[in-house]
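Please work from the sequences and hints to get the whole structure.
Chains as they are written, first to last, in this note's numbering: chain A, 19 to 315; chain B, 19 to 315; chain C, 19 to 315; chain D, 19 to 315.
Don't take every hint at face value.
In this list, chains with the same sequence are indistinguishable; a pair is considered to hold if it fits within one copy or across any two.
Computed list of lysine to aspartate or glutamate pairs in EDC-like fashion (alpha-carbon distance at most 16 Å, straight line) [as the list claims (entries may be wrong)]: (1) Lys156 to Asp39; (2) Lys23 to Asp168; (3) Lys113 to Glu95; (4) Lys23 to Asp160; (5) Lys311 to Asp85; (6) Lys311 to Glu155; (7) Lys226 to Asp299; (8) Lys226 to Asp94; (9) Lys156 to Asp304; (10) Lys205 to Glu233; (11) Lys226 to Asp168.
Hint data in this document are derived by calculation from the structure and do not stem from the laboratory.
Number of protein chains: 4
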Amino acid sequence: MANSKYAYVRNFELPDPLLPDTFMLFRLDGHSFHRFSDQHNFHKPNDVRALQLMDHAAKDVMEGYPDIVLAFGESDEFSFLLRRSTSLYNRRESKIVSTLTSLFTSSYVFHWPEYFRDHPLQYPPSFDGRIVLYPSEKHIRDYFAWRQADTHINNLYNTTFWALVQQGGQTTTGAHATLKGTFSKDKNEILFAKFGINYSNIDERFRKGSVLFREEIPMSEGEPTPQAPTPETATTADGTLAISESAAPLSEPLPTKETKPKKDKKRDNQPMTRIEIVHCDIIKDDFWNAHPKILTE
Amino acid sequence: MANSKYAYVRNFELPDPLLPDTFMLFRLDGHSFHRFSDQHNFHKPNDVRALQLMDHAAKDVMEGYPDIVLAFGESDEFSFLLRRSTSLYNRRESKIVSTLTSLFTSSYVFHWPEYFRDHPLQYPPSFDGRIVLYPSEKHIRDYFAWRQADTHINNLYNTTFWALVQQGGQTTTGAHATLKGTFSKDKNEILFAKFGINYSNIDERFRKGSVLFREEIPMSEGEPTPQAPTPETATTADGTLAISESAAPLSEPLPTKETKPKKDKKRDNQPMTRIEIVHCDIIKDDFWNAHPKILTE
Amino acid sequence: MANSKYAYVRNFELPDPLLPDTFMLFRLDGHSFHRFSDQHNFHKPNDVRALQLMDHAAKDVMEGYPDIVLAFGESDEFSFLLRRSTSLYNRRESKIVSTLTSLFTSSYVFHWPEYFRDHPLQYPPSFDGRIVLYPSEKHIRDYFAWRQADTHINNLYNTTFWALVQQGGQTTTGAHATLKGTFSKDKNEILFAKFGINYSNIDERFRKGSVLFREEIPMSEGEPTPQAPTPETATTADGTLAISESAAPLSEPLPTKETKPKKDKKRDNQPMTRIEIVHCDIIKDDFWNAHPKILTE
Amino acid sequence: MANSKYAYVRNFELPDPLLPDTFMLFRLDGHSFHRFSDQHNFHKPNDVRALQLMDHAAKDVMEGYPDIVLAFGESDEFSFLLRRSTSLYNRRESKIVSTLTSLFTSSYVFHWPEYFRDHPLQYPPSFDGRIVLYPSEKHIRDYFAWRQADTHINNLYNTTFWALVQQGGQTTTGAHATLKGTFSKDKNEILFAKFGINYSNIDERFRKGSVLFREEIPMSEGEPTPQAPTPETATTADGTLAISESAAPLSEPLPTKETKPKKDKKRDNQPMTRIEIVHCDIIKDDFWNAHPKILTE
Chain A
19 MANSKYAYVR NFELPDPLLP DTFMLFRLDG HSFHRFSDQH NFHKPNDVRA LQLMDHAAKD
79 VMEGYPDIVL AFGESDEFSF LLRRSTSLYN RRESKIVSTL TSLFTSSYVF HWPEYFRDHP
139 LQYPPSFDGR IVLYPSEKHI RDYFAWRQAD THINNLYNTT FWALVQQGGQ TTTGAHATLK
199 GTFSKDKNEI LFAKFGINYS NIDERFRKGS VLFREEIPMS EGEPTPQAPT PETATTADGT
259 LAISESAAPL SEPLPTKETK PKKDKKRDNQ PMTRIEIVHC DIIKDDFWNA HPKILTE
Chain B
19 MANSKYAYVR NFELPDPLLP DTFMLFRLDG HSFHRFSDQH NFHKPNDVRA LQLMDHAAKD
79 VMEGYPDIVL AFGESDEFSF LLRRSTSLYN RRESKIVSTL TSLFTSSYVF HWPEYFRDHP
139 LQYPPSFDGR IVLYPSEKHI RDYFAWRQAD THINNLYNTT FWALVQQGGQ TTTGAHATLK
199 GTFSKDKNEI LFAKFGINYS NIDERFRKGS VLFREEIPMS EGEPTPQAPT PETATTADGT
259 LAISESAAPL SEPLPTKETK PKKDKKRDNQ PMTRIEIVHC DIIKDDFWNA HPKILTE
Chain C
19 MANSKYAYVR NFELPDPLLP DTFMLFRLDG HSFHRFSDQH NFHKPNDVRA LQLMDHAAKD
79 VMEGYPDIVL AFGESDEFSF LLRRSTSLYN RRESKIVSTL TSLFTSSYVF HWPEYFRDHP
139 LQYPPSFDGR IVLYPSEKHI RDYFAWRQAD THINNLYNTT FWALVQQGGQ TTTGAHATLK
199 GTFSKDKNEI LFAKFGINYS NIDERFRKGS VLFREEIPMS EGEPTPQAPT PETATTADGT
259 LAISESAAPL SEPLPTKETK PKKDKKRDNQ PMTRIEIVHC DIIKDDFWNA HPKILTE
Chain D
19 MANSKYAYVR NFELPDPLLP DTFMLFRLDG HSFHRFSDQH NFHKPNDVRA LQLMDHAAKD
79 VMEGYPDIVL AFGESDEFSF LLRRSTSLYN RRESKIVSTL TSLFTSSYVF HWPEYFRDHP
139 LQYPPSFDGR IVLYPSEKHI RDYFAWRQAD THINNLYNTT FWALVQQGGQ TTTGAHATLK
199 GTFSKDKNEI LFAKFGINYS NIDERFRKGS VLFREEIPMS EGEPTPQAPT PETATTADGT
259 LAISESAAPL SEPLPTKETK PKKDKKRDNQ PMTRIEIVHC DIIKDDFWNA HPKILTE
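Next comes the structure, spelled out in structure tokens:
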């Protein structure tokens, strides 16, 4: 073979298997998304279109990879939990990290026009990803609690900050100064006293982030119409579309990716599932008690 | 802080720095591109639109990362060489692998409509990536020779195979049988004797793959019009657009990414460069002698 | 500094931390011990002196490293379990592997004359070591079950093999042939029928291997005489010394290493412990139920 | 098999191959040797017996591993260079690190009595080891220059410090204070002016460290008497034995390890070599020019 004398260079590629029987947490973050959100005029403090697009990309990743049992997203980040025993790509780290990051990115760019109808993408955005291993269920519970607590802290800050700027007329520098050293109750008080905003009435999506998990489809329901085909859409105050989360996106769903719930080919006797997107508490026990299969196999 | 008791989970993220002062070869491959190319009716044996789109995405990656000094692409794969001393992301493996794979993917989806005008993307494609380290210049020479020799072998096979099918009326099974056990000269002979094709006259793009590297821009030229702004485009026999390789793509170039050659901010006294795309031999010494800066610093 | 221009070479030393909160299993094996045991005329099928010396070295390692909570040895191998939360050497892999291997080796050579009184060491023996991580208690139970089952299988084979050779007059080749394809019950039958040996009466040390763990010392006992100072020794049939396992070795114990049970300086309120050596079953639950602190913290 | 249901635990042992065709530098350091040297009354500032014992252990390691082409030692540390292309243990990191550390330790304890005749070892010492990879010859040159420059700096400091204490009657605290902020020329001046010591006359062993490398044995010489069997020994001023470095140690050499130069079995047509121990400059080019095979293959 003409290239056999060069083929030795393959030997420099070293194995990178991840420890077996350990939870894999795949974490993805937007790259330079401060600049990206500015250039695309994301609404402040939260842009529902951008968040829904993130959710859509995350859902596509979960559709493509049945071993992902849970995902949580906020702002420009998403965390995916792969089940402990997954043998995806023989647990090769670079292969998993790069492929999942790639599919998320691809889906984000692909679905952009469905969420930003009149605002074409200006340049290709990118994300970075990494895998962190966790040995026990407790670590996983704490990881997701950490992200959701972070969502709360950031969102309360941002909500108050932008109220001070947009409604209170402060400069951004002034708003930062106002908030310096304040505690949660102070921010709640500012929102309520100055702007009549009850923080606990704000959309749960912003306060809790997005939680994606698989729900088994009862057989009778599952066969003919696996995914509720009647999106209830409504225009929100800011002109974006609010979609009921279990509904299809604005575009025609892709036949191969969307209409039928994915079955893991290797586990044919597994029940069919669909991916649910909710915005609920995942710090306390309720969610986990209601979905015991997420952490066990 | 509300989430401080969970923050310990960050300690599970382990460092993954790559050995210093060693060449990084970032390699990217299409994920399930056999299916992808079928669903998008890629021309056989080569689809110039698809190859130009790959080149465009590779160029975007090089524009974004000045430490990439060379890239080589064929089919659905691309290899990028980062200079030995790069400190990109402190040489963290997952960060580099995921970010480069993400940007390539993003650019591929973003620019798709420029190359497949009337053939919208059916679903989001993905790529996988990995980094291989090479200690010496010789390994790098041999790595690229390996990829280009592979390009030749694959293209000669595919060209002959599809001639047998498309022009010779063989089934795909029959064509594989015809080619079994043949050597290069046999395939050349089949092409010439049966189909009047002189293999060496076939587009160099198909026979050699794509080679991207940086060329310094002379100051007098560089300042006002850093990138040749007059693409010479022409419709080729198969209806696709052939672009002069140093020209801009069909779409309006993105102001921030395309019109001005990237300057590495950390190396302000470096000359400006632009990225050239050629289809030449990189196995023999000529190319390397003509561009000595690729391997040295 | 004269050497500052060279000090950059330190940057090539990469971090190698092991995943936190995961059991570390340090495994050590004799290097070329077939040759070593031949050259030192080890008794067949088991040499109690060699096994006691292994135990002694293992005990020294446990004395030096309070985070080792369990050890198991057979033949020329030893396995050490470090508690899940250990921060020994910041969990750096090479540091731990090399230091533990070194101390075991050192102790083995140092104590050799106590066990092989009239047989000086001919040349310096060596061992290799490695660390395997296990995420859960079940894996640890199964690891030790694996090693002890292996001990049983090997010892039954070796006992029968050497009976055939030493008492039955077979050649080693002949003995291997006799045993080929036999099951455990066949070997038990050969031992009993041909040589009057009831396998279950053989010294538990040979059948079960050595199990080392820490036992808390009641305060009243612990202060004045932490280690039972009255070794009951007896000459066995083969002329070697059988030591009651909780007793001191033949030599005068080293003041700094042996007489006082090690206290972990970082955990001053921990009870004092001494290391016990037993030869009991660790496959079933009894041992683990009796020593619940080995797997929990 | 009785233990087959547990054997899955082997899957947790992950591969750890080191990058091919890259220099491996194996570095070994004494563990808690400050305490060890105190307890064994090492002479200050240098104990020739301890240094010779280190050299002996290093030589044993080189005898056992023909792919080690160079070693350098000072104080309680030793560095070993493995040739770039070595396939020792398939370049598995833990295997190499642990085995080499073990053999060095074993040899150190084994040969102790030859160098510390009337001072028995009090307890088993240990060492730690690690491997650092270097891609190019320049890095290797700089690594060894770094260690030898360090030897010089440390030895000049220690020599002056102990002169102030032992001959000058200062306390150790006082001597440290005297030396604080001094440069090399200041220390040379103190040594000469106060104590009549010309630093450049001090034994090269102390100023340069120990350099071990392989020297080819001419065939006519090599066959009958591969190692010069006539040690020229002499008692030095401090009562220790100074051995001409190419001579045998005090004890009878081990037949299998010492008398015949090791031949690499895989490279039967290689010339026979013996290991030389010298104390020369390895920062400048002379040594490397005189022994070109150390860095090339």
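Results of checking the hints against the structure:
Taking the closest pair of Cα atoms, Lys156 and Asp39 come within 16 Å of each other both inside a single copy (15 Å) and across two copies (11 Å). In this assembly of identical chains, Lys23 and Asp168 lie within 16 Å of each other by CA distance solely across copies; the values are 12 Å between and 54 Å within a copy. Proximity of Lys113 and Glu95 under a CA criterion of 16 Å is satisfied inter-copy only: 14 Å between copies versus 20 Å inside one chain copy. When the C-alpha separation of Lys23 and Asp160 is checked against a cutoff of 16 Å, the pair qualifies only between copies, where the shortest distance is 9 Å, while the shortest distance within a copy is 51 Å.
In this assembly of identical chains, the alpha carbons of Lys311 and Asp85 lie at most 16 Å apart only when taken from the same copy (12 Å versus 35 Å across copies). In the homo-oligomer, the alpha carbons of Lys311 and Glu155 lie at most 16 Å apart inside one protomer (12 Å), although the nearest pairing across protomers, at 21 Å, exceeds that limit. In this assembly of identical chains, the alpha carbons of Lys226 and Asp299 lie at most 16 Å apart only when taken from the same copy (6 Å versus 51 Å across copies). With identical chains, the CA atoms of Lys226 and Asp94 are at most 16 Å apart within one copy only, with a shortest distance of 14 Å there and 40 Å across copies.
Proximity of Lys156 and Asp304 under a CA criterion of 16 Å is satisfied intra-copy only: 15 Å inside one chain copy versus 27 Å between copies. Within a single copy, Lys205 and Glu233 get their C-alpha atoms no closer than 37 Å, and across copies no closer than 55 Å, so neither meets the 16 Å cut-off. Proximity of Lys226 to Asp168 under the C-alpha cut-off of 16 Å is restricted to the intra-copy arrangement: shortest distance 9 Å within a copy versus 51 Å between copies.
Comparing the model with each numbered hint stated earlier shows that hint 10 is the single one that does not hold.
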